[in-house]
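Let's have the full structure, built from the sequences with the hints guiding it.
Protein chains: 2
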Amino acid sequence: MTPKGFSFAAIRARFKPWDKEDFGLIASDRPCAAAAVFTTNRAKAAPVLLDMKHIKSKTHRAIIVNSGCANAATGATGYQNALKTARLAAKALGCRTEEVLVASTGVIGVHLNPKVKIEDGVPLLAKKLGKSPAGFVRAIMTTDTKPKSASKSVMLGGKKVTIWGSAKGAGMIHPDMATMLSFVVTDANVPKPVLQSALKQAADKTFNRLTIDGDTSTNDTLAVLANGAAENAPLKTGTPDFAKFTQALSAVCDSLSGQIVADGEGVSRIARISVEKAASQKEALAVARAIAGSLLVKTALHGGDPNWGRIICAAGYSGEKVNPDKMELYFGRHCAFRNGQPASTPEKLLSAEMNKKKVAMRLVLNRGAAGDSYLFCDISHEYVTINSHYRT
Amino acid sequence: MTPKGFSFAAIRARFKPWDKEDFGLIASDRPCAAAAVFTTNRAKAAPVLLDMKHIKSKTHRAIIVNSGCANAATGATGYQNALKTARLAAKALGCRTEEVLVASTGVIGVHLNPKVKIEDGVPLLAKKLGKSPAGFVRAIMTTDTKPKSASKSVMLGGKKVTIWGSAKGAGMIHPDMATMLSFVVTDANVPKPVLQSALKQAADKTFNRLTIDGDTSTNDTLAVLANGAAENAPLKTGTPDFAKFTQALSAVCDSLSGQIVADGEGVSRIARISVEKAASQKEALAVARAIAGSLLVKTALHGGDPNWGRIICAAGYSGEKVNPDKMELYFGRHCAFRNGQPASTPEKLLSAEMNKKKVAMRLVLNRGAAGDSYLFCDISHEYVTINSHYRT
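Heads up: the protein sequence lines correspond to chains A and P, in order. So that you can map any letter, position 141 of the first sequence is 220 in this note's numbering, and since no number is skipped, the others follow by simple counting. So that you can map any letter, position 148 of the second sequence is 227 in this note's numbering, and since no number is skipped, the others follow by simple counting.
Treat each hint with caution, since some may be false.
Repeated chains share a single entry, so a pair holds when one copy, or any two copies, can fit it.
To be verified - Result set (DSBU-like, lysine-lysine): computed pairs, CA atoms no more than 30 Å apart in a straight line: (1) Lys284 to Lys271; (2) Lys239 to Lys163; (3) Lys163 to Lys405; (4) Lys279 to Lys400; (5) Lys99 to Lys427; (6) Lys95 to Lys405; (7) Lys225 to Lys315; (8) Lys405 to Lys132; (9) Lys400 to Lys361; (10) Lys323 to Lys427; (11) Lys137 to Lys427; (12) Lys135 to Lys400; (13) Lys400 to Lys284; (14) Lys231 to Lys163; (15) Lys210 to Lys361; (16) Lys405 to Lys194; (17) Lys231 to Lys436; (18) Lys437 to Lys83; (19) Lys435 to Lys238; (20) Lys206 to Lys427; (21) Lys271 to Lys435; (22) Lys315 to Lys279; (23) Lys135 to Lys437; (24) Lys135 to Lys405; (25) Lys137 to Lys323.
In short, the hints are calculated from the structure, not lab data.
This is the structure we're talking about:
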């Protein structure tokens, strides 16, 4: 179910020698409010640098995306290629260049081919616009094995509003602001600053709480377009409807970020680490992040080995003033560590929890009332295989 | 070549069901000055907590080490077991308990067996003391595939002084203060504060500049004993002899840390990333550390793929205000990236550099005059295999 007024297209432009769509377009039939969060990496890709200017426009009409080439570490030439993409899309759609957002994903350090891929591809994309988003969702995939999309509808002031989003992930994924590529569209009527506020709340609890391999990409972009076609009264912050909308937007982001982790490169198992009773939110987050980022925790997860000492160890080097003697660690309902010592839980109970497809870990710090959590995955042989010869 | 006045022993105490020595002892025939650096992890193992007290003693006589059990996350019981080990060693050697340093390495969250392993083992160890360090070096190994030792002799004030050291590494290795277990002994006459100063200088440029998997262990200990048997005049800081001694100590530490990285779990290739012309030492170190810690850089290294975009990406998320457009990146003599764009160097030249057993990477930031470097290794299928079933 996609929101009213949006159309989608995808073609095979062959940015890589592969047999799948790799150039996609989302367009709205009317001007939209847009909000976005971008990578905090200082080596920002050309399309990110362009979008950071374009997002200042009051209205937007389209998002154009290619996979197979990140257009990152490509300097002034790369920027011109991103700009050319936006310009050609604007021309084809009859809008201003600033109303187009551009995104790229793929290999770093390779130029886009402006003549064959862009000049020929963009008008072709515009001609193919239609109601089905299926091609677009496939076109943004790289090493993803599954297309990722999610949608949710809610009633706002008597009007049915739909939020639909898609995402790609798989590798070079670690949160810091936004992470990976994700595009969300809605027919809700949401003024631009209100949309930015809702997006920030949704992203902080979803995309910014997941990690696959700890590498924050050069291209991370999460953008949302709201075209108002649902004809609800303009949304205001602090209202029950704002809470309802943000909740629905968070649900879409949560589904997409869950799909990203589950489809991480070579992933066989995912886990959520919840840190409870921390002295502060900052402490809870830092501890959760250290555990989710530990290569030793990730490989133990891969093997289904409840090697809980590695979790205590990672909490210990998180940089926070935690006290191991006060900690309690649980796998599911079963306690592994308490009072500074191994708990007496039989190994087979811990092992059964660690061998689930989705593992629940809970570390209670007993230092205060704050909490936070992180979603992560194992690191497998397959991850090493994919990433040791990614370009070849 | 080992220094005068030190003897060594090793036995099979079977802390794990394996067929190798796993309990080792180094003893001096006279009191030594000692200096040590320990893990910064807040979840410190029992022997580390004990040593942090014992190191305050003016003199020391011995270091006793077991492998196969880390005695970490073992609470008050673990502390008592570490203390009992020191007490029994002191009794056997005729010295004070505080003069004995204790170290453990192996699985976290398992108790030492005080009755069979410690009470029976320690007196047996003391009886076996002799001149050869070979058994001791093997006894501290866990997943290491090669024993690691190094030595160096220098003349100080007309007296020949020898420095000998051994180390174990392999996994859960990331610097933060000390990293892994390493024991260095010398017959130089070095007062305690002078020894601590020399050790800090040596460790900062060697052990604190290497990473295997980014996990800072609960047990990291680097200890040095100086017994003065070479009969040189007491060393003073700021003298040419101090510089000579520190240089020799650094050479021993450098050799040991190189051996650790080369023998990291599943390692097939190592690399040094040198960061040059940084705005500050802090910046150079942070950028080098981000690159050495990147799982994507490590897997590219594994595949011999000069995927330089991942290096620029890691520099970008280092947290420092680097500017990708000013960077130059070299593999050996060959430039991969310059002026914000790919350099024109043929791929096969970059590939040849990346396929060496030891790869030299150089990132020039062009922001100032500071520099630093980091030693690291690839992450392979073998690493995943070892760590997904470490305990089983």
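How the hints compare with the structure:
1. Proximity of lysine 284 to lysine 271 under the C-alpha cut-off of 30 Å is restricted to the intra-copy arrangement: shortest distance 21 Å within a copy versus 51 Å between copies.
2. In this assembly of identical chains, lysine 239 and lysine 163 lie within 30 Å of each other by CA distance neither inside one copy nor across copies; the values are 37 Å within and 72 Å between.
3. In this assembly of identical chains, lysine 163 and lysine 405 lie within 30 Å of each other by CA distance solely across copies; the values are 24 Å between and 58 Å within a copy.
4. Taking the shortest Cα distances, lysine 279 and lysine 400 sit within 30 Å of each other both inside one copy (29 Å) and across copies (24 Å).
5. In this assembly of identical chains, lysine 99 and lysine 427 lie within 30 Å of each other by CA distance solely across copies; the values are 29 Å between and 45 Å within a copy.
6. For the homomeric pair lysine 95 and lysine 405, the shortest alpha-carbon distance between copies (29 Å) is at most 30 Å, but the shortest distance inside one copy (53 Å) is not.
7. In this assembly of identical chains, the alpha carbons of lysine 225 and lysine 315 never lie at most 30 Å apart, being 36 Å within a copy and 66 Å across copies at closest.
8. In the homo-oligomer, the alpha carbons of lysine 405 and lysine 132 lie at most 30 Å apart only across protomers (22 Å), although the nearest pairing inside one protomer, at 49 Å, exceeds that limit.
9. For the identical chains of this complex, lysine 400 and lysine 361 are neighbours both inside a copy (11 Å) and across copies (23 Å), given an alpha-carbon limit of 30 Å.
10. Proximity of lysine 323 to lysine 427 under the C-alpha cut-off of 30 Å is found in neither arrangement, the shortest distances being 43 Å within a copy and 56 Å between copies.
11. Within a single copy, lysine 137 and lysine 427 get their C-alpha atoms no closer than 58 Å, and across copies no closer than 48 Å, so neither meets the 30 Å cut-off.
12. Only between protomers do lysine 135 and lysine 400 lie at most 30 Å apart by alpha-carbon distance; the minimum there is 24 Å, versus 41 Å within a single protomer.
13. Both within a single protomer and between protomers do lysine 400 and lysine 284 lie at most 30 Å apart by alpha-carbon distance, with minima of 24 Å and 27 Å respectively.
14. For the identical chains of this complex, lysine 231 and lysine 163 are neighbours neither inside a copy (34 Å) nor across copies (63 Å), given an alpha-carbon limit of 30 Å.
15. Neither within a single protomer nor between protomers do lysine 210 and lysine 361 lie at most 30 Å apart by alpha-carbon distance, with minima of 43 Å and 53 Å respectively.
16. When the C-alpha separation of lysine 405 and lysine 194 is checked against a cutoff of 30 Å, the pair qualifies only between copies, where the shortest distance is 28 Å, while the shortest distance within a copy is 63 Å.
17. For the identical chains of this complex, lysine 231 and lysine 436 are intra-copy neighbours only, at 25 Å inside a copy versus 53 Å across copies, given an alpha-carbon limit of 30 Å.
18. Taking the closest pair of Cα atoms, lysine 437 and lysine 83 never come within 30 Å of each other, the shortest separation being 35 Å inside a single copy and 58 Å across copies.
19. With identical chains, the CA atoms of lysine 435 and lysine 238 are never at most 30 Å apart, being 41 Å at best within one copy and 64 Å at best between copies.
20. Taking identical chains as interchangeable, the C-alpha atoms of lysine 206 and lysine 427 are never at most 30 Å apart, the minima being 59 Å within one chain and 41 Å between chains.
21. When the C-alpha separation of lysine 271 and lysine 435 is checked against a cutoff of 30 Å, the pair qualifies neither within a copy, at 42 Å, nor between copies, at 53 Å.
22. Proximity of lysine 315 and lysine 279 under a CA criterion of 30 Å is satisfied intra-copy only: 15 Å inside one chain copy versus 59 Å between copies.
23. Taking the shortest Cα distances, lysine 135 and lysine 437 never come within 30 Å of each other, neither inside one copy (40 Å) nor across copies (47 Å).
24. Within a single copy, lysine 135 and lysine 405 get their C-alpha atoms only as close as 49 Å, which misses the 30 Å cut-off; across copies the closest is 27 Å, which meets it.
25. When the C-alpha separation of lysine 137 and lysine 323 is checked against a cutoff of 30 Å, the pair qualifies only within one copy, where the shortest distance is 24 Å, while the shortest distance between copies is 67 Å.
In this structure, the hints that do not hold are numbers 2, 7, 10, 11, 14, 15, 18, 19, 20, 21 and 23, in rising order.
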